[in-house]
Every structure is written in C-alpha cells, then in structure tokens.
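Residue-level listing of the chains:
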Amino acid sequence: MTATAEAGIEAMPEPKPRPGWHRIFWVILALLVIVPPLVAEPLELNRLARLVVLVLAVLGVNLLTGYTGLISLGHGVFVGVGAFTMANLIDTGMSLYLAGLLATAFTGAVGLVLGLPALRVRGLYLALITFGIALAFPPFARRLGTWTGGVTGRTVVNDAFAPPSFLGLDDQVHVWRYGCCLVVVALWFLLARNLINSRVGRAMRTIRDDERAAATFGINVTAVKAGVIAISSAAAGTAGVLQVLLNPYVSHGDFSAFLSLRLYAAAVLGGLGTLIGAVFGVLALIIVPFINGVIGLIDNEAVAFGAGLVIVTFIAPTGLAGLLDRRTGKREETGRVSPS
Amino acid sequence: MELFLQRCFDGMFTGAIYASLALAIVMIYRSTGLLNFAQGEMAMMSGYIALMLLTAPGAAGFGFALRGTDWASRWIPFHPWPTSAAIAGGVAFGATLGAVIERFVMRPLERKSTLSQVNVTIGLLILLNGMTLWIWGPFARSFPSPFPNEIRDFVIIGGARLRYTTIGVWAVLLAAIAILGILMQRTKTGLAFRAITSSRENAALVGVPVGRTLAIGWAIAAGIGALSASLVGGAIVLEPLTMMNMLIYALAAATIGGLDSPLGAVVGGLIVGLAQALAPGYLGIPTELTLLPPLAAMVLALLVRPHGLFGTVPVSRL
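These protein sequence lines map, in sequence, to chains A and F.
Mapping of the first sequence onto the numbering used here: residues 1 to 340, in sequence order.
Mapping of the second sequence onto the numbering used here: residues 341 to 658, in sequence order.
By construction, these hints were calculated from the structure, which means they are not laboratory data.
Any given hint might turn out to be false.
To be verified - Here are the simulated SDA-like pairs of lysine to any residue, each with C-alpha atoms no more than 25 Å apart in a straight line:
(1) F:K452 x A:P163
(2) F:K452 x A:F314
(3) F:K528 x F:A543
(4) F:K452 x A:T92
Assemble the whole structure, with the sequences as input and the hints as a guide.
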C-alpha cells in the first residue's frame, strides 16, 4: 500500500523532462543501427539481424504480459508457425511481401484459436495452455513431414530477398537484409505504440490492473484479450517470417520449449509494460551468453536466465528499462494478473 | 477387454505419479493463489538427489557416472542407500528446498503482484532445470523401483497384469494423502493452514503465524511433489526434460480436477494417466505425441467445465 502511495507522489508531472538516460539510450540505439552494417562481417551481421528479429517476439510477449497481464510461455511456437508458414508460401512462388503478410496473419489466427479456451476463465490458464503447446510443438512439427520437412527440417530459397537493382547494393545483400529487418521491426513498434496509446491500449491496461473493474466500465474483456493474443502472436509470426528470410534452413529443433522460455525471460528482464523493454530484453539475450563466454562463471545459459529472472523481480521489477528510466520504474504495482 | 484393462492398469501407474505432482500444485494454489511453475523442477532435483543417494560411486546406469556419488560415499553414512531410504532422503531434500524457496524467495515478494510471483516461479523453473542439466548432464537415467519389479511381479485381474509397482505407487500416494489429511484435520498447524487457505488476512488477525505455516505448507507440498520424480521407477527415465512434460500432465490434471481441490488433483491425475494410456491405442495418436491427449483434455475441461470437476466456482467482488 505504501508503495502505491509513494508512486502516486513521485509520479507527479515533473516541471521539465529530465535529459540524460533517455537521450543516451536513443544514441546507443542509433549506434546499434548504424555501426554494425559498417564494421560487421556479412555472417556476423546476419546473426545480429536474427537477434534483432527476436525483438518482435519479445514485443509480442510484452504486449500480452506487460500490457494485458496475460502470460504466454509459448511465443517460440508462434515464431515457429510463422517460419514454417513462410517457408511453405515461398515455395509456392508468391511475392515475398504478400507471403510475409499472409504468414503473419495466419500466425495471429493460430494464436487466437489456441488462446480462446483460456479466455473463458480468469487466471493463469493461458500460461498453462501456451506452456503445454510450447512443449508439444517440436514433436508435433516433426510429425508433419510435408509442412515442416519432418525430422531433417526444410530449406527454402530466399534469393528473392535481395536489394532491388536500382539501389546498386548488389554486393551488400546482408546490409540490405539487416536494414529490411530493422524497418519491419520499427513498423511493428510504431503499430504497438499506437495500439497502447489508443482506446484499446487503455482497455488493455485496465484489464491488467483489474479485470472486474474493466468489465464494470463496459470494456468487452474477452474481445480485447482475444485481439491482443492475435496481435501478439502475429508479431512473433513476423519474427519467424524474417528468420526464414535470413536463414533459409528451418527445422522443428529451432523452436523448442526453451526458446519460448527464453523469450519470456527476455521480456521480463527487459521490462514488462514498457515498449523499449523488448529491445532491452533482446540485449539481455545477447549479453547473457556473452558474459557467460567471457567470465566462464556459469557454463550454462539457462542458469543465468533463470537467476536473472529471479534477481530482476527482486531488485528491478520493471526490468532493465525501468532501471534506466526512473519514470517508468514506478509501474511495479500495476503489472499483475488478477487472481482467480 | 483384456487389452483395455491392461491399458487402464498402465495408465493408473503414470496417473498416480501425475496425481502426486498435481497435489503439490493444488496445495500451494489453495493457500497462496499461486501456480508454482517450478514444482516439477523442484521434484526433479529431489529425484536426482535420491538417485545420488542410492547409486554406488562409478556404478551409474547407461555408462555415465552420476556426479555427486563420490562425494556422497565419502560423507554420507552407509552410502549406497536402499532405494526406499534414498527416496525418503529425496523427499526430505525436496521438502527442505520447498521451505527454503518459500522463506527466502516467495515471502519477500508477498506484497508484490501475482505477476511478479509467477515470474519468479518461472525463473526458478528455468534456473533449477539449468542447474540439473549443469550438475548431472543431459543423460537419461533409469531410476530403480522401490517395489518388486521383476518381469513376473504382477497379479492377474480379469486377464490383465496389474504390476506390483502400480499397487505400490498407489499405496504410497494414498498413504501420503492419509498423512496429509491427518496433518490438516488433526494438528494445530493443519488448522492454521486451513485458516490461511480460507482467508489470509483474517488468519493473521487472529494470531496464526502465517509465514511459518506457509513454509511448512510449501515443504509438505514439495515433499509430495518430490514423490513424482522418485516413484517413476522403471517406467519413465529421468532426464532434464522429463519433469517439464510431467508438469504439463500435472497442470492438466489439476485443471481437470479443479485447481483448488486435492481430490480433484488425484482424480484428474488418474484421468490424464488413463487418457494417455488409452489414446494411442484407440484413437491412433502416435506415442511420440503423448502430450496431445492431456492438452486436449485440459482444453476440453476449460471449455466445458472451466473450474474443474471438483473445484469451487469463485465468487468475484469488486
């Protein structure tokens, strides 16, 4: 209770926006966007692009968990559905843009269908169902031989994902691809920002803070939740689409339950309920293995992620984003799932 | 008919194991309103500890030495313990782990949001799984059964073989439930626990030591859950992914039975075990997709009877 009261006092509008951290962050982000294409080897750039793409999946988790209070432990599955759908659509020879849009929409629909049973009841049932799906997906994908390539996985031809000739970037395919991914990610962030600043976004946060109150205010709770699940899984689907375009080999093994858990951990580590948290989450996905490699303290990534998740909940409930920006650091008590 | 009975008996064995983990989840859910996603991994650590207690150094299955057996043979008296003693040791470890987690991880977060608490249990799930993998490696280990488990150890009922292990596992489970029932109904701690379940604030107001009671509750729950990893004897191999799947079965069982009903957990466990044993044969679902029948049953339960067979329909109040 006292925490809420303090938050109320400290969250008063400040006379002028503080410079500093916020600006530094944008500078760092801009550097990340500009520098790698200039210095990185093509292969490294491709690897970086694949991590950048994961931002979308983490953004999806964040929209669902951070803004609406629904837990998803299965976003790796949606990345997988997007990737496999895209692989199949590419093979039909259709335009890459159309294929990407279709695969994204299809993943959203899949997410909606899988999530609907959980929406009948309040509480953590979506977490249960998505976790079950996350564990069931790899063996399931292994069985669907024609769609997923079965045990060996499948390879697609992604040559069409190349710069148009008038740009004169023909020998810089990797830079172009990296740029494309950044643009798609930026578009998704724009969409997400507009969504959470809209009427629906306010409804989402009301549902997160108190579902019953939201219903009393006349918000159609089930419709909003269903919509958010669809959008959130569609974002993960786009991540899968881009992943196929970056790495033409796709197999069931890429989408194990640990991917889903890592995506969730990244969303929490980065900061739930802040858009920029998704970016920080993926930074954590990059940094944790890196620290592991350098220090050699823990030769097991899972231990680092798990411990990170526990520690962050204790010392920085709004994640790295909250540490960086004190103004968003006061949202701790609102991000909750209403107990059933 | 014989085949049907045989499959039912097979399902009963796994059903008992799911029921014990579901029971642990339900106990914690009832008292704190929290789904403990780490329950399976806590059980798995206990299972590996039990395995460590009963394995003589250098004699681990599948040719991979089990880490910790050398240490155990030096420091733990009478080291390669008999199987049942080792399981008791594993359960004791699990209970201690449960109490420690309650005291040092969950209690400081008492006033935080449910989302924070669930996040911590998910973090513990990843952490404990990673630690198990780190310490004991990715190898599959077979766990010896504490009951007679030779090929001829069965009784024939209606032409089908009911193995001694199945009887033994159910006996242990029912004994655990009976002890739990006596603890809950006949002791002061049990009374305190039930008071907390009914209303935490009111219990605290009348002087119930909430923290200590919850720690005991977590210990008991984790102890019962630890049985699930130790009783798999022979039927299921123990590897780092085992308990993640088991957690889904247990959560499905708890959802079907009703998340706040101990009876529901046992019945749900039985249903999931039977569904899993019968579905491959009668519905043609390939055995490697064994996760699907329980998941489908869970979805069905949510669609038809969202609060489970024995769960109470919550009354919400603004």
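How the hints compare with the structure:
1. F:K452 x A:P163: 50 Å, violated
2. F:K452 x A:F314: This hinted pair holds, its Cα atoms lying about 10 Å apart.
3. F:K528 x F:A543: 13 Å, holds
4. F:K452 x A:T92: Since the Cα atoms of F:K452 and A:T92 sit roughly 51 Å apart, the hinted pair is violated (cutoff 25 Å).
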